[in-house]
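Protein chains in written order, with our numbering: chain A, 1 to 368; chain B, 1001 to 1442; chain C, 2001 to 2281; chain D, 3001 to 3196.
In short, the hints are calculated from the structure, not lab data. The structure presented is a predicted model; accordingly, all values stated were derived computationally and were not measured. Cβ atoms here follow ideal geometry from the backbone N, Cα and C, with glycine treated the same way. Among the hints, a few may not be true.
Unchecked claim - To list a few chain A residues with every Cβ distance to chain B over 12 Å, as calculated:
#1 Pro24
#2 Val48
#3 Gly55
#4 Gly81
#5 Tyr218
#6 Val270
What the hints assert, rightly or not - Using 27 Å as the maximum straight-line C-alpha spacing, the simulated BS3-like pairs for lysine-lysine come out as follows:
#7 B:Lys1442 <-> C:Lys2054
#8 C:Lys2062 <-> B:Lys1439
#9 D:Lys3099 <-> C:Lys2027
Claimed, not checked - Here are the simulated distance ranges between beta carbons:
#10 C:Leu2016 <-> D:Lys3099: 21 to 31 Å
#11 C:Ala2206 <-> A:Gly86: 37 to 47 Å
#12 A:Val265 <-> C:Val2122: 42 to 52 Å
#13 B:Gly1027 <-> C:Val2122: 40 to 50 Å
Residue-level listing of the chains:
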Amino acid sequence: MSENENKSEVRLPSGSELVLSVSPHLTGSDSVRRIMYKVLLSLVPAAVAGVFFFGFYALVVMLATMLFCIGAEALWCKLAGKPVMGTIADGSAALTGLLLAMNLPPGVPLWVCLVGAFIAIWLGKQVFGGLGHNPFNPALVARVGLLIALPAIMTTWPAPRSLGEPEAAMIERNVTGATTDATSGATPLGEVSTTPKILDRTPQAEMNFSSVDSDRYYWRYFLGEKGGCIGETSVLALLIGGIMLICFNLINWRVPICYIGTVAVFTGLVNFFFPGVTPTPLFHLLTGGLMLGAFFMATDMVTSPITGTGCIIFAIGCGIITSVIRIWGNYPEGVSFSILFMNALVPLIDRWCVRQPFGYVAKREVAK
Amino acid sequence: MSKSSREVLSFQGGIHPSGDGKQLSSGNPIQIAPLLDRYRVMISQNVGKPPKPVVKPGDTVKKYQLLAEADGFVSANLHSPTSGKIIGIVDVPGPMGTLVPAIEIEADGLDEAAETWPPIAWRDADPADLLKRVGDAGLVGMGGAAFPTRVKFSPPPEKKIDTLILNGAECEPYLTADHRLMLEHPEKVLEGAAISGRMLGVSNIYIGVEVNKEDAIQALGRRASEYGVKIATLKVQYPQGSEKQLIMAITGRAVPAGGLPMDAGCVVQNVGTAAAVTDAVVSGIPLVERVTTVTGEVVKNPGNWMLKIGTPVIKAIEFAGGVTAEPGKLILGGPMMGFAQKSFDVPVSKNTSGILLLPVSEALTYGSVGCIRCGRCLEACPMNLMPCLLGNAVEGEKFDIAAQNHVMDCIECGSCAYVCPAHRPLVQHMRRAKAEIRKRKK
Amino acid sequence: METILFAILLMAVIGLVLGLVIGWFAKIFQIESDSRVELVTELLPGANCGGCGKAGCSDFAKSVVSGENPPSKCPVSSKEQVTAIALALGIDAGESFQQRAVVCCGGDREQTKRLLNYNGVVDCVSASLVAGGPKGCSYGCLGMGTCARKCPFGAIEIINNLAVVHRELCVGCGTCVAACPRGVIKLVPADAEVHVYCNSPAKGPAKRQVCNVPCLGCRKCARAFPNKFKVDGFKAQVNYEAKPLPTADDVQAVGCPTGCLLTADEHLKIEQNEPEWSPEK
Amino acid sequence: MKYLELTVGAVLVYNFVLSRFLGICPFLGVSKRLSTAMGMSGAVIFVMTIASFITSLVYRYLLRFDIDGRTVDLGFLQVLLFILIIAGLVQLIEIMLQKLSPMLYQALGIYLPLITTNCAVLGAATINANNNYTVLEATIFGFCSGIGFALALLLFSSLRERLELAAPPQAFQGTPIALVTAGILAMAFVGFSGLC
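Here chain A stands alone, though its shape is the one from the complex (with noise of 0.2 Å):
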């Protein structure tokens, strides 16, 4: 130890001040942190679509959603003994504020996204143990939570602002033809919801879907002119935000197009065989919360299965679920309901999926 001293100006440590690790010893330049922030940046374009569609009021539900869920992860982290700026700094009670804020209806009383925060951060994810643990999406538990506990808050939807023409005037009004407060409205997919169960079919209950179902109202559903929630509004802002993700290598780009290829297929199948039971694909695949379940909540890294191909067999199963539901089910839109099942799937697909590595093909054949 003695012959630490050195001739060049700067003196050696000593051995026992240097670093002990395992290798290795280089680390690549990602982090949890720089994820989840480029997955908020990432969904920047669709909360401007959603402000921009639904006003100020959007912002402010988006703001206070964002700042309930880190006051939550704060205030469990201190109960808890956590350091709190180290979970807090993480970003991903943000991400999951401003997700659960995204499926909340624009006109929701602030106090109602208070309940969620807490619902998301505390039940949806610290009791598991923290981030990584979390079995299920918090935010989805949280809407759906909310969805099942408050259905007339969580189903008032605004209208959205008109792209100017006065045809516009449609999304104000429902199946029957009777216009209806010019604040509150429907989803288009609410609208063909009260359509028939298949199972005993009449043709009486065959429908006609042409009030929200028309080649006129694709153009502005992919823009966002639609009733639903803050953050599924805009398709357009959707898809950027998604294109987003695929560049900065975040989502396996397979598993929304899966998800919205299996809807797609799905209702078109039911469309041609049995008509006039749900709208056309495209409807399907422009209403709802279809985009932002496809690229943001399907994709959450900790609760979708682990393998690619895993990661398929979820986006299938999630498409199916969401078709299910939304052609025959109660609820008018399946999305949340489908990734919080699948989710519930993704240990069992993680076991289905477990990867041969290198060199057990060989080994049988060896054996052979």
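Dock chains B, C and D against chain A, hints included.
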């Protein structure tokens, strides 16, 4: 199976470390290290049984003289790196962090060589003679594992070996020792390859080099056909130099899980070892020095040195001009698989491919965040394992789950920990799982 | 009246049919079970610690019933419990030999040089795999609590980065001995009071460099009580086969220069109350 | 179509565990390991199917019959008889399991005999009776209810196995976290409401 020379080969998985630090030393020719007045030659420099010392305190030895004799089949001879007096057997900090016995030699400054062995005309020689010479010279794998070369070249007769692969991938960031060796002494490497081929009775010889060493590929390419060696250009991808991945990339064969390269009909040898084979057979000198990269952002003059075994690391750093800023971590080997040290007195051994100093700012790499199941480690794992799951199992001390998920197949390349955004010490988890499972098997 | 008759009849018939079917099934699927195994299992502590060398308490019960092991092989059961098992089976209890674990290291945070910058998993096994662990002494207790986590009886506490056994809780099952990567923990006779709190076979000066309380191998203890202590290389050891075993008075009489020769109670007291204890003070 | 409705209803919409909240005891008790959960699921499917079949036979043909033009109504015996039959069936399973799979028998422990008084099985029998299902319908319903129970149990036990590696705060370890999980799972099943 043979590919055209410019086809760039690779394997599944792996990573592409950014800023690999090779530019620090890749342009600096190999320098001969000045003579020191004292060397501490660790007795155990090979996998297997340590050799038995054959010198006593007070003996005078010459360079290349035998210091310790191989004890058993899996063992290797040890020779004196210089001439001088034996002081005795002392405890030195070993590369694994424990104190290990070493033979301390006081150099007399003459560096007087003992008589060397006669050269062998290897093209017509009996492979057994060549093998014996390789054993006498104390050759071990110089890439890192330090497996006695004689043992590696004596595969059991039921394993048919048809391919010899020379590992010149040097996929570890920062290290350039093999690169310089191939560039400056291509004929030595190629001749060593041919001799090794002769020993194994194999004519199908490849030398795999990553494409970032274009000059080395050129240098080797000029003479390769003389020695009947084919050059395989490999993609720059870590861990390209791992035996199993190298065999996969070059021959397309998968070494069966739990198996050795010879189960796929291959023998893999480091280029440094090949050069040492040439030295032993053609020049008749044993292995007492090696090319080592001394590098790092904080090292004043990073470069490649021909270091005698037994040189303390601190002296090697002095050869490189010392440091320009305080280092935070000392690593023997490369940054991906090398070992962090807690002392600067560790001596250089036959398998020290690099001495790397990392600045304080890069020394702390691991965090305490949990797995977020992003699945990047699955993509990175060259062995197709599920590192995140294994890590979680070990954190929960569920070693049976780890065993079921093939933790024993992990090659500890560190790709998973490199890509992990939560910066989990996954390799440490793997090692612990292996240790616990081995303990349980007993 | 009729209804009641029918009801009784129905119940009777169904009961009869079910009874017959069950009886028939019981015959087909009959298995021989030894009720004594269950009895012994119930009498055992049920900690499944594996101290007996079997996979668990029920496995051990099987081996007791089959005569493979005497009941006293269970390290956890008290003498009374062992006698109860022996009585229940009508066999000999076997020689009882109670053991306790002792962590043979006094190198707590203050006494032994620690390497400051360990960056990795807080677990002894994991840490010992990184350059031999972040402690100056490569034989001493790492103090990361792997043994404390594994102890089924909660008998090990980490105080000042050092594992300390609470003797009143320890039953001598040996789980910690298997868990420790350094082999610092040893099983000693339960009535042994005095231990050498050093595990390093290294040379005296080398130990001195990294630790304030090493055994220097000075032989003072062995000279004072040649039958109670022995020195093996550079490390003294208590001769646990000595009768009588060394006592607190003997420790006083020896006057160990570094203070690594202590009674267990004293050692615990030092760690609990005087973190900066050193023999000079 | 009717049978499809029956199936979807029993498996998803009116899932015994997550929608009707019946059979919670084994649901929590044997869901720690996926393998035991599978064994339990098999046992419950078997008992439910056979019990539904037999009880509906008994209900339709033995509890109410005409004799000499008069109707004898033994409806008051319903619960008693059902429990008797289920108890007998469970006993059979127990005897078989003890012989065929002692490991599973050990793992199921007390929960196996408890199927006897398991509200799910009795519930299936009673629902059959209340809805006046035919013997075929009842059997299908019993089987599908068993499948629904198995689905819930499998999902839950795989989740619990994953949670075993999670690090919840001490106060939530074990059953509390399992109950939270079960609650969220039940919320997910609400989505299926209205399918039939």
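Each hint, compared with the structure:
| no. | hint | verdict |
| --- | --- | --- |
| 1 | Pro24 | 3 Å, violated |
| 2 | Val48 | 27 Å, holds |
| 3 | Gly55 | 35 Å, holds |
| 4 | Gly81 | 15 Å, holds |
| 5 | Tyr218 | 35 Å, holds |
| 6 | Val270 | 33 Å, holds |
| 7 | B:Lys1442 <-> C:Lys2054 | 14 Å, holds |
| 8 | C:Lys2062 <-> B:Lys1439 | 26 Å, holds |
| 9 | D:Lys3099 <-> C:Lys2027 | 11 Å, holds |
| 10 | C:Leu2016 <-> D:Lys3099: 21 to 31 Å | 24 Å, holds |
| 11 | C:Ala2206 <-> A:Gly86: 37 to 47 Å | 40 Å, holds |
| 12 | A:Val265 <-> C:Val2122: 42 to 52 Å | 51 Å, holds |
| 13 | B:Gly1027 <-> C:Val2122: 40 to 50 Å | 42 Å, holds |
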